[in-house]
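**Student:** Listed below, chain by chain, are the residues.
2 protein chains.
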Amino acid sequence: MQLNEERFLQDLHALRAIGAAGVGKGVVRPAYSPDDIAARDWLAERMREAGLEVQFDPVGSLFGLADQPSILVGSHSDSQPEGGWLDGALGVIAGLEIARAARESGGPAVSVVSFQDEEGRFGVTTGSAVWAGVLEESQALALTDSAGVSLEDARAAMGSRLGPWVRHDQFSGFLEMHIEQGPVMDGTGEKIGVVESIVGIRDRVITFTGEQNHAGTTPMALRKDAFQALAGFNTELNARFANVVTPQTVWTIGHVDLHPGAHSIVPGCVRFSMQWRDADVDRLARMERIIDETAQEIASAMGMLVDLGPVLGVEPVAMAPAMRSALEQSAQQYARGLWRSMPSGALHDASNVAALMPTGMLFVPSIGGISHAFAEDTEEADLVLGLRVLAQAVEAFSAG
Amino acid sequence: MQLNEERFLQDLHALRAIGAAGVGKGVVRPAYSPDDIAARDWLAERMREAGLEVQFDPVGSLFGLADQPSILVGSHSDSQPEGGWLDGALGVIAGLEIARAARESGGPAVSVVSFQDEEGRFGVTTGSAVWAGVLEESQALALTDSAGVSLEDARAAMGSRLGPWVRHDQFSGFLEMHIEQGPVMDGTGEKIGVVESIVGIRDRVITFTGEQNHAGTTPMALRKDAFQALAGFNTELNARFANVVTPQTVWTIGHVDLHPGAHSIVPGCVRFSMQWRDADVDRLARMERIIDETAQEIASAMGMLVDLGPVLGVEPVAMAPAMRSALEQSAQQYARGLWRSMPSGALHDASNVAALMPTGMLFVPSIGGISHAFAEDTEEADLVLGLRVLAQAVEAFSAG
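Top to bottom, those sequences are chains A and B.
Convert by adding 14 to the 1-based position in the first sequence; the result is the number in the numbering used here.
Convert by adding 14 to the 1-based position in the second sequence; the result is the number in the numbering used here.
Next comes chain A alone, as it looks inside the complex (with noise of 0.2 Å):
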């Protein structure tokens, strides 16, 4: 097919535009606000221009449909609180630029989406997490935002648009071009991730409890103290970690709270946050045996008890073997020497629709490794080379 990458770039400034804001290309776009509705609103217009039915489900994912059963390609449009032009939007503009080349020359049938609020003001993933089963419609309607708003009365601003479920079995496979939203291709020079699964999370919250005591009287041999327990658990967890991660793994302490938290006071209690993420579930599972078991020893030496909360989790999953073989002959083809395989540490709506149809991703570089972000980049020939890829994989999967 013919791409109009110039229209293409031109399409990504336009919707960057419907709700620019602070500083750079930053863009403010939480899903079922005005500017995400009425980004949602030009995005139709654009899929009508390019022969497409649009249908707005009954959450607010856009869909672009073809006329007879296709390939979905997409991702989402609404952003974070604070958020860059590119994460979600890319993968939309990405996808009505294939459509549209697609019918234009005579490539095969292609439909585009949107899908509604996966920066998740109210969940995660959510539009396209009730759309492919993973969540229920009625538990995704409950869901509030931090202000209290609940999505079924979000959802009210859309109004008439919203229509019924959109059909699963029209759609032969799912691709969604995304920004790497990390360092890895910035720091290597590679153009092209091609994303063999997305990773897996557990996270759980670890509550060491020693004894409070003020921090002048008692001596060093006889203290509790919380934070050392804290300190030791993570020095001695990074240590027996270091057999069993891979280079993908990542574990991570975000939040800490120490109790009572003054200077002249020995730490009672300390209660943090252990989340990690592979893609391999028996490692996931290797990794909850080794905290455990390091966090009780810890405890045990040190004469203090441990609560470890329950251990909340999101499974891998693995992309398709046939989408992941298209992406990579493509990504030889366009970027010979300067892409490469890897996994996704973040979430996105392939998580959800993988459930339901051959799924596959792309990434492209991030500037600096940064987004969620007002400074969120990525180069615009990384965009082109990106969106060159994606559509010979969309011709090679449909012929295949």
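Heads up, a few of these hints could be off.
If several chains are the same, the list does not tell them apart, and a pair holds so long as it fits within one copy or across any two.
[To be verified] Subject to a maximum C-alpha distance of 25 Å in a straight line, what follows is the list of computed SDA-like cross-link-like pairs (lysine to any residue):
hint, residue 1, residue 2
1, K39, P178
2, K39, I279
3, K39, P274
4, K39, G134
5, K39, E409
6, K39, E210
7, K39, G282
8, K39, A395
9, K39, G351
10, K39, D49
No lab work stands behind these hints: they were computed from the structure.
Computed from a predicted model, the values in this text were never measured in an experiment.
We have chain A; now place chain B onto it with these hints.
**Tutor:** Same frame as chain A, but now just chain B:
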């Protein structure tokens, strides 16, 4: 002198009834509260009965003055917002009983004091600090409590009680009996602690600044995780301190503010308190250098910035050799094999008074090391033993 130990215990319990609160022997009697003033009026009446001349100074510290040059014995009768029955009150009632017993049985001249606001509703050991000239009166009056009330406004509740400053030169020395507020003697079974010195305190806020990132998409090797810097600093500091500290040295990280504090975000910044205490100024300085070097090396190794806030300090205060000697000989007489020399890890009114005159301190055990809590307590037999040791030291010092 002939002590009336029953009367001593009865007065301790009578004072406890004023502001009794919480559970067990809990007391709520913060500086200038109605119960604090009622307790001071009750104490003033006991002083008059004992033949002492009552005088409140301009900030509300209560003196019961002998009619000739004398030793001064006392502590404070204000409490923490949730306090126990002995913290401060023990030293005041012990002074009262010794002054009373000395007058009844031809002992030395003894004056008694209950300093105001030792527990720091406004400052730190405020009443004794102003009396000793460590803190200017005008500065003290301008201090405000956590609700924004100034000391000047709060002391107005003491009305016409307030009088002129009490002359220092009528006192030959100062003795303060206090609960240990730590677990040492409760652990060893010892009954008397003769304080060698009140430790010095150094306190600073340290900030590590790395890079805030997505906890899914940022590989471990590319992270600048502020929590990892803090944990690494703590581990390394403990190792380096090992060659420098004594069993009496203490150090504490009691407050940790990790930013932004989310499960899924690599923390970019951590601000934490670093406090250390020792009786030796040289050791305090060596520890400061180790803290500086360790923080800078960790920051440099991890590619982060470190900000070392200003070092706030309270200087160590040595107890007078003559007072220590009198207390040691008395402890040897009444508690052979059951006493120890020890530092005070907490500040006391004696810290300030030591600038004016020979000063000594005596500790009795704290059950479970607990203080600044309703559960604070000491065996009555230990209180009585402490009274005996103190009285004997008063006689010996006054005779010498």
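**Student:** All hints, please: hold or fail.
**Tutor:** Tested hints:
1. K39 - P178: Answer is neither; intra-copy 34 Å and inter-copy 69 Å both fail.
2. K39 - I279: The answer is between: 22 Å across copies meets 25 Å, while 46 Å in one copy does not.
3. K39 - P274: between (42 Å within a copy, 23 Å between copies)
4. K39 - G134: within (21 Å within a copy, 52 Å between copies)
5. K39 - E409: Answer is neither; intra-copy 32 Å and inter-copy 82 Å both fail.
6. K39 - E210: Classified as neither; 30 Å inside a copy, 66 Å across copies.
7. K39 - G282: between (46 Å within a copy, 23 Å between copies)
8. K39 - A395: So K39 and A395 pass the 25 Å test inside one copy only (17 Å; across, 76 Å).
9. K39 - G351: For K39 and G351, neither the intra-copy (30 Å) nor the inter-copy (77 Å) Cα distance is at most 25 Å.
10. K39 - D49: The answer is within: 15 Å in one copy meets 25 Å, while 63 Å across copies does not.
The structure fails hints 1, 5, 6 and 9 (numbered hints given earlier, in ascending order).
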